[in-house]
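So the protein sequences, as listed, match chains A and B. One gets my numbering by counting positions in the first sequence from 1 and adding 63 to each. One gets my numbering by counting positions in the second sequence from 1 and adding 63 to each.
These aren't lab readings, by the way, just hints derived from the structure by calculation. A couple of the hints might just be wrong.
Which copy is meant is left open, so a pair is good if it fits within one copy or across any two.
[As the list claims (entries may be wrong)] Lysine-lysine pairs mimicking DSS-like chemistry, simulated, CA-CA at most 25 angstroms apart: (1) Lys-316 <-> Lys-475; (2) Lys-256 <-> Lys-316; (3) Lys-294 <-> Lys-422; (4) Lys-248 <-> Lys-309; (5) Lys-433 <-> Lys-510; (6) Lys-256 <-> Lys-464; (7) Lys-510 <-> Lys-213; (8) Lys-214 <-> Lys-347.
Letter by letter, the chains look like this.
Number of protein chains: 2
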Amino acid sequence: SPARAWCQAAAQKLPGGIGSKLCDLLPALDGDMKTMTFLQEVVDILLAYITESFDRETKVIDFHYPNELLQRNNWELQDEPETLDDILISCRATLKYAIKTAHPRYFNQLSTGLDMVGLAADWLTSTANTNMFTYEVAPVFVLLEYVTLKKMREIIGWEDGRGDGIFSPGGAISNMYAMLLARFKMFPEVKEKGMSSVPRLAAFTSEHSHFSIKKGAAALGIGTESVICIKADESGKMIPADLERKILEAKQKGFVPFFVSATAGTTVYGAFDPLIAISDICKKYQVWFHVDGAWGGSLIMSRMHKWKLDGVERANSVTWNPHKMMAVPLQCSALLVREEGLMQNCNQMHACYLFQQDKHYDLSYDTGDKALQCGRHVDIFKLWLMWRAKGTIGFEAQIDKCLELSEYLYNKIKDREGYEMVFNGKPQHTNVCFWYLPPGIRYLEDKEEKKKRLHKVAPVIKARMMEYGTTMVSYQPQGDKVNFFRMVISNPAATFEDIDFLIEEIERLGQDL
Amino acid sequence: SPARAWCQAAAQKLPGGIGSKLCDLLPALDGDMKTMTFLQEVVDILLAYITESFDRETKVIDFHYPNELLQRNNWELQDEPETLDDILISCRATLKYAIKTAHPRYFNQLSTGLDMVGLAADWLTSTANTNMFTYEVAPVFVLLEYVTLKKMREIIGWEDGRGDGIFSPGGAISNMYAMLLARFKMFPEVKEKGMSSVPRLAAFTSEHSHFSIKKGAAALGIGTESVICIKADESGKMIPADLERKILEAKQKGFVPFFVSATAGTTVYGAFDPLIAISDICKKYQVWFHVDGAWGGSLIMSRMHKWKLDGVERANSVTWNPHKMMAVPLQCSALLVREEGLMQNCNQMHACYLFQQDKHYDLSYDTGDKALQCGRHVDIFKLWLMWRAKGTIGFEAQIDKCLELSEYLYNKIKDREGYEMVFNGKPQHTNVCFWYLPPGIRYLEDKEEKKKRLHKVAPVIKARMMEYGTTMVSYQPQGDKVNFFRMVISNPAATFEDIDFLIEEIERLGQDL
Numbered sequence: 064s065p066a067r068a069w070c071q072a073a074a075q076k077l078p079g080g081i082g083s084k085l086c087d088l089l090p091a092l093d094g095d096m097k098t099m100t101f102l103q104e105v106v107d108i109l110l111a112y113i114t115e116s117f118d119r120e121t122k123v124i125d126f127h128y129p130n131e132l133l134q135r136n137n138w139e140l141q142d143e144p145e146t147l148d149d150i151l152i153s154c155r156a157t158l159k160y161a162i163k164t165a166h167p168r169y170f171n172q173l174s175t176g177l178d179m180v181g182l183a184a185d186w187l188t189s190t191a192n193t194n195m196f197t198y199e200v201a202p203v204f205v206l207l208e209y210v211t212l213k214k215m216r217e218i219i220g221w222e223d224g225r226g227d228g229i230f231s232p233g234g235a236i237s238n239m240y241a242m243l244l245a246r247f248k249m250f251p252e253v254k255e256k257g258m259s260s261v262p263r264l265a266a267f268t269s270e271h272s273h274f275s276i277k278k279g280a281a282a283l284g285i286g287t288e289s290v291i292c293i294k295a296d297e298s299g300k301m302i303p304a305d306l307e308r309k310i311l312e313a314k315q316k317g318f319v320p321f322f323v324s325a326t327a328g329t330t331v332y333g334a335f336d337p338l339i340a341i342s343d344i345c346k347k348y349q350v351w352f353h354v355d356g357a358w359g360g361s362l363i364m365s366r367m368h369k370w371k372l373d374g375v376e377r378a379n380s381v382t383w384n385p386h387k388m389m390a391v392p393l394q395c396s397a398l399l400v401r402e403e404g405l406m407q408n409c410n411q412m413h414a415c416y417l418f419q420q421d422k423h424y425d426l427s428y429d430t431g432d433k434a435l436q437c438g439r440h441v442d443i444f445k446l447w448l449m450w451r452a453k454g455t456i457g458f459e460a461q462i463d464k465c466l467e468l469s470e471y472l473y474n475k476i477k478d479r480e481g482y483e484m485v486f487n488g489k490p491q492h493t494n495v496c497f498w499y500l501p502p503g504i505r506y507l508e509d510k511e512e513k514k515k516r517l518h519k520v521a522p523v524i525k526a527r528m529m530e531y532g533t534t535m536v537s538y539q540p541q542g543d544k545v546n547f548f549r550m551v552i553s554n555p556a557a558t559f560e561d562i563d564f565l566i567e568e569i570e571r572l573g574q575d576l
Numbered sequence: 064s065p066a067r068a069w070c071q072a073a074a075q076k077l078p079g080g081i082g083s084k085l086c087d088l089l090p091a092l093d094g095d096m097k098t099m100t101f102l103q104e105v106v107d108i109l110l111a112y113i114t115e116s117f118d119r120e121t122k123v124i125d126f127h128y129p130n131e132l133l134q135r136n137n138w139e140l141q142d143e144p145e146t147l148d149d150i151l152i153s154c155r156a157t158l159k160y161a162i163k164t165a166h167p168r169y170f171n172q173l174s175t176g177l178d179m180v181g182l183a184a185d186w187l188t189s190t191a192n193t194n195m196f197t198y199e200v201a202p203v204f205v206l207l208e209y210v211t212l213k214k215m216r217e218i219i220g221w222e223d224g225r226g227d228g229i230f231s232p233g234g235a236i237s238n239m240y241a242m243l244l245a246r247f248k249m250f251p252e253v254k255e256k257g258m259s260s261v262p263r264l265a266a267f268t269s270e271h272s273h274f275s276i277k278k279g280a281a282a283l284g285i286g287t288e289s290v291i292c293i294k295a296d297e298s299g300k301m302i303p304a305d306l307e308r309k310i311l312e313a314k315q316k317g318f319v320p321f322f323v324s325a326t327a328g329t330t331v332y333g334a335f336d337p338l339i340a341i342s343d344i345c346k347k348y349q350v351w352f353h354v355d356g357a358w359g360g361s362l363i364m365s366r367m368h369k370w371k372l373d374g375v376e377r378a379n380s381v382t383w384n385p386h387k388m389m390a391v392p393l394q395c396s397a398l399l400v401r402e403e404g405l406m407q408n409c410n411q412m413h414a415c416y417l418f419q420q421d422k423h424y425d426l427s428y429d430t431g432d433k434a435l436q437c438g439r440h441v442d443i444f445k446l447w448l449m450w451r452a453k454g455t456i457g458f459e460a461q462i463d464k465c466l467e468l469s470e471y472l473y474n475k476i477k478d479r480e481g482y483e484m485v486f487n488g489k490p491q492h493t494n495v496c497f498w499y500l501p502p503g504i505r506y507l508e509d510k511e512e513k514k515k516r517l518h519k520v521a522p523v524i525k526a527r528m529m530e531y532g533t534t535m536v537s538y539q540p541q542g543d544k545v546n547f548f549r550m551v552i553s554n555p556a557a558t559f560e561d562i563d564f565l566i567e568e569i570e571r572l573g574q575d576l
């Protein structure tokens, strides 16, 4: 390619490196060769990092405490420019201390792994450096968002893929959009007149749901006390009978139920709320039915697992984060909305400097005014390009594989000495929640003492994992349950051997506790 | 570098191209060579695109109407995977129809240009593929956000750079955060109890301010009618006397004034509200003083222009978007907050799966719970790396240069035949607002007819610009003013010759109208 040719020519001409001043980079007149050399150097650093990240011999993290890390490098911002050599050194230092989120033994979050086509797409997105507000400034990306949202709605089961939607900066914001739409649908005057024109509202979600529902209610002026927690069963699923009881209770107290958020794949247990039963209740009481499938929504791509989302087609809105179980690079979160036009009516402000009505093209492609954001990052291209590269069946295979791994883990530890499962039965998602009881705790008779000591086990093992840098997995308490490990698998790079390794590592690091 | 060596070796071994199946890419066992080759091919496409984008012989856009663009390529998503060759073809097609936002003659938005160090940093960010919620998963990026926010607060003029802040997905969300904080500061019970526990609130902003203030008020349950528009003078600056009068009026009507948003650099005129006078009024009536410097905040980096922001140091919160006037790749928007701890108190929900309190490091670096988002994209690294590469003086030079260009444009057209300025006097930012009157309209006596025909001039010239692809500039009506051009300059690649070109092009394309 011509760019590569320039780059090589430049490299030959500049054997002393590229430590020249910034003004020699593009847009300078003769900046192209130096620019290509500089960018190629950065790419080489990145390619080396990628290969390293997938290598099990590499540490997941080279951990240092914040104050220590602050001192290990000069991170300060100065008046004077640095050389490009210094910039390359900063890039290397940044990656040296970064978490290798692509590492096959990094299990710490719901978003792990690094897809190569997704990465390439994100590099292209950065290079295109535009904004989603109008067709005028993002013609291709606006079309790809249109095509992809339609496809996702088809998969949800909405007729002909009809409906609306948007890619938003994360699941919390997608859920907030849903709540905003539900309120506006019931009380459109709230947009102009605010909550003082509206009766006291009540939203419902299970006690295992994501904290963003409460966060959204606080932000929207609804208040966290108006988010009523519905009981979950032992495996973390919402109990529909409790939902109906709480709706009736709220109505009796003068609240107006306006929003139910069912979770498809809870954060900790990976539980799927019974969507059909919940949708029946929503229909009966005419309440907006939202499905928070940020984590579990992707299972609808799998013919083997999609039954867990049965009823999602009845939802008024669905949150679905391809950056989690589909391993699309961060961030990529979709909100899908059944009713067309509602988002536009809810959020539009008709800014005349952006959404001119006398433009020469079809204005329905100027999607910016349905967003809460003004500028909106292009999150669509990485999902779209990955979808092209894998096909729907590729995503399915990837999801099925992760679920197979988690079933393997579950089968491996459910009867193993020293392990206790946090809830019974095969997990529905890749979440496997368990306690590891070191030998010194395993046989304690005093139940309170045992609990107290067990509570401290996971944090210590986790701290040791990070210091050794061998693996990372999350832990937490929940309700009256002391700290347990929450294993999740979303990284297509993980294998059965990595699961074995995790268990060995927990035992190695925890044996003396 | 080793990555390059692999890449070259791979290229030699695979003369037939890289059209193999996806499963051969990393994380496959032997995926590294093919992966490096594939990524290098994409990089070559991107490098060629970059060089092309800065070339004035290239079109800014290869424009097609939405339906036409949909048909020019197969954009559909399928069940089956495509080959990597097809993926490369899709990358090329996407860039072919994209807007070249780096092009020196692209003046369409407040965010233009493409900084090479910023781009490299964004590529690194994508490769690191992590999330800002905790130090645990983003140690370096969390520290860099800390360092950079402190530096920005120092520049604002807050003692020792003390205070708080966050990078958010765009200026609209930053402004919404400010409003949320102002409400919580005055009525902390709103978080739990919602707006029903709070008297009717009133927010104030100038009629020239950004629409996100109203959008935020609608979302937060305050309502757009509670956003009271303050008159602006002829040049677009808020009139402080009108602010005081409207505050008193609102109080008499039983509203509680809680938030004033002054604008430093309005979207259309680039006007700077008189911050000192406004802050005095805010102090007198004990109202939160927010400065929306999304567009104009960066002028504080310039010793020549910072006086326009005098008084910003008195603000309770400041929105400042480095992705606009500092040409950092999209998105990069900061909200700076004077009071420490307030964001945390306002937004925290203590999710125990993420913000475990028994972690082994200093928890003040787990900044995620102050955000409305749960996952948060890493927007900091590109700003930080550019700052290192340019130094503060480099940003200053870049900003000064853009302002010099806009002064050149203003001087060129203010007395030129066929031009009328939308407001008198030298613009304070790079916004130059003007009408071009083609000869056929220039001498019309009938004022109404003249206005009516003038209104149609800018849209037609703009459409022709896009069809020829030679340049792009925004237009709009405002109040009773018919469509005018709003020129803005934020691209460091632009030169005096590009300004000359724009004027010639407007005249060439508009002469017959």
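State the violated hints by number, sorted upward, taking the hints as numbered earlier in the document. The structure conflicts with hints 1, 3, 5, 6, 7, 8, although it agrees with all the remaining ones.
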